[in-house]
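S.K.: One letter stands for each residue in the lines below.
Protein chains: 2
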Amino acid sequence: MSDFELHNYFRSSTSVRVRAALNLKGLSYDYIPLALLKGEHASAAHLALNPSGLVPTLVTPEGPLPQSMAILEWLNEVHPAPPILPADPWGRARVRSLAQIVAADIHPVNNLRILQHLETTYGVDAAGKAAWFRTWANAGMQALETRLAREDETGTFCHGDTVTIADLCLYAQVLNNARFEVDMTNYPTITRIHAACMNVPALADAAPANQPDAV
Amino acid sequence: MSDFELHNYFRSSTSVRVRAALNLKGLSYDYIPLALLKGEHASAAHLALNPSGLVPTLVTPEGPLPQSMAILEWLNEVHPAPPILPADPWGRARVRSLAQIVAADIHPVNNLRILQHLETTYGVDAAGKAAWFRTWANAGMQALETRLAREDETGTFCHGDTVTIADLCLYAQVLNNARFEVDMTNYPTITRIHAACMNVPALADAAPANQPDAV
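Protein sequences appear in the order of chains A and B. Numbering-wise, this note's numbering puts 24 at position 24 of the first sequence, and it's gapless, one number per residue. Numbering-wise, this note's numbering puts 149 at position 149 of the second sequence, and it's gapless, one number per residue.
Calculated directly from the structure, the hints in this document are not laboratory data. There may be inaccurate statements among the hints.
Each pair may be met inside one copy or between any two copies, as identical chains are not told apart.
[Unchecked claim] Pairs of lysine to any residue, SDA-like flavour, derived with a Cα cap of 25 angstroms:
| id | residue 1 | residue 2 |
| --- | --- | --- |
| 1 | Lys38 | Ala139 |
| 2 | Lys38 | Asn138 |
| 3 | Lys38 | Thr146 |
| 4 | Lys25 | Thr162 |
| 5 | Lys129 | Met1 |
| 6 | Lys129 | Pro201 |
| 7 | Lys129 | Asp3 |
| 8 | Lys129 | Leu115 |
| 9 | Lys38 | Ala209 |
| 10 | Lys38 | Pro64 |
| 11 | Lys38 | Gln142 |
| 12 | Lys25 | Asp3 |
| 13 | Lys38 | His117 |
| 14 | Lys38 | Thr135 |
| 15 | Lys25 | Ala87 |
| 16 | Lys129 | Glu119 |
| 17 | Lys25 | Asp183 |
| 18 | Lys129 | Ala44 |
| 19 | Lys38 | Leu112 |
| 20 | Lys25 | Leu47 |
| 21 | Lys129 | Arg113 |
Note that the structure is predicted; figures quoted are calculated from it, not measured.
Just chain A, with the same shape it has in the complex:
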């Protein structure tokens, strides 16, 4: 008997974040794959759980919960060990602020539905879609690198030496960047933190290649 159902997709970076948090906290879940390229996220059954038709949705004993950032906060509140937010308010503010560079400024603009819309509406080809992806990935990575490199709180991970929500967003985005050949040369701090994340089994296990629906 699992604690949760996770309706998700192997390659979705927002799904990666949630899988990693569940793993870190030792919570079990049934993996429910939704093949986005086949439109399974737009099925009536999935829209009943999540009217946005996006992934991931965590089905909990209290009901379905869409939106990865809301899921991470809730998991941390009801299953606090190990924490994925700092103990002090300013630390939490910093972690959330770093995380949002990925969660608000990079990921939504580069989501699959946006890339598909660029193709169907403006005839943007694969190279053009990759250029679009890199434009917004680089803008966010540059800002994230600048902050991580200059702020004293940065440690092995984004905030000190334990994994926080900022790391979950960072490492999932870096995995995604590789698909679109984002040049990471200018982001040494991000690259170092990403490597540290991939050395954490809970995070490595959550990567796309290790999921049952990986192709």
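Add chain B to chain A, keeping to what the hints say.
M.R.: Positioned in the frame of chain A, the structure of chain B alone reads:
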């Protein structure tokens, strides 16, 4: 002597969210306008505060804090009255999940920098940019309407009868929707909650038209 400096822009919906929260909590702030259309957000002085070059940034006694969603959470932690999140974890999860429909799925995709990029890179004209805006606004509004209409926790506002982070995101987005002539006919619950928000002086005062840099 003000409690904070808010580096922001009158029309920015993420700035509206933060101004409304500061007003609700009775916190004073110096309004520092950044004329986005003149590129003031990309100045060296602003990038020193916020390397993303986006608005808003709240300058606090502890340092500068970019990212509106991180700012709202921090303000609520350090100035808890009146609360803008529910007292129970599942309520907070619901509010954050609703807020993210706007904060992750609508706003970032329709941000000024994206619309400008569509024009400069793909030659999308004003009508095309408005169509793009409406595509993502309608997708998010439809999901938000469905959830608000069917979930028992919805009250005068998104969650019961007090203003939460979800309302701050909702009403700021609805104000923005009007600029791009989003047809709100199919969103009666959102429209009702937006009207309730505009009856709260703290929220009405934060609207774009009431700011010193409004044009």
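S.K.: Next, verify each hint and record whether it holds.
M.R.: Do the hints match the structure? See the list:
no., hint, verdict
1, Lys38 <-> Ala139, "between (31 angstroms within a copy, 19 angstroms between copies)"
2, Lys38 <-> Asn138, "between (29 angstroms within a copy, 22 angstroms between copies)"
3, Lys38 <-> Thr146, "between (39 angstroms within a copy, 24 angstroms between copies)"
4, Lys25 <-> Thr162, "within (13 angstroms within a copy, 33 angstroms between copies)"
5, Lys129 <-> Met1, "neither (42 angstroms within a copy, 49 angstroms between copies)"
6, Lys129 <-> Pro201, "neither (32 angstroms within a copy, 44 angstroms between copies)"
7, Lys129 <-> Asp3, "neither (38 angstroms within a copy, 44 angstroms between copies)"
8, Lys129 <-> Leu115, "both (6 angstroms within a copy, 16 angstroms between copies)"
9, Lys38 <-> Ala209, "within (19 angstroms within a copy, 45 angstroms between copies)"
10, Lys38 <-> Pro64, "within (22 angstroms within a copy, 44 angstroms between copies)"
11, Lys38 <-> Gln142, "between (34 angstroms within a copy, 22 angstroms between copies)"
12, Lys25 <-> Asp3, "within (12 angstroms within a copy, 38 angstroms between copies)"
13, Lys38 <-> His117, "within (16 angstroms within a copy, 30 angstroms between copies)"
14, Lys38 <-> Thr135, "between (27 angstroms within a copy, 21 angstroms between copies)"
15, Lys25 <-> Ala87, "both (17 angstroms within a copy, 23 angstroms between copies)"
16, Lys129 <-> Glu119, "both (8 angstroms within a copy, 16 angstroms between copies)"
17, Lys25 <-> Asp183, "neither (32 angstroms within a copy, 44 angstroms between copies)"
18, Lys129 <-> Ala44, "neither (29 angstroms within a copy, 30 angstroms between copies)"
19, Lys38 <-> Leu112, "within (12 angstroms within a copy, 32 angstroms between copies)"
20, Lys25 <-> Leu47, "neither (28 angstroms within a copy, 36 angstroms between copies)"
21, Lys129 <-> Arg113, "both (12 angstroms within a copy, 17 angstroms between copies)"
Taken one by one, the earlier hints fail for this structure at numbers 5, 6, 7, 17, 18 and 20, listed in ascending order.
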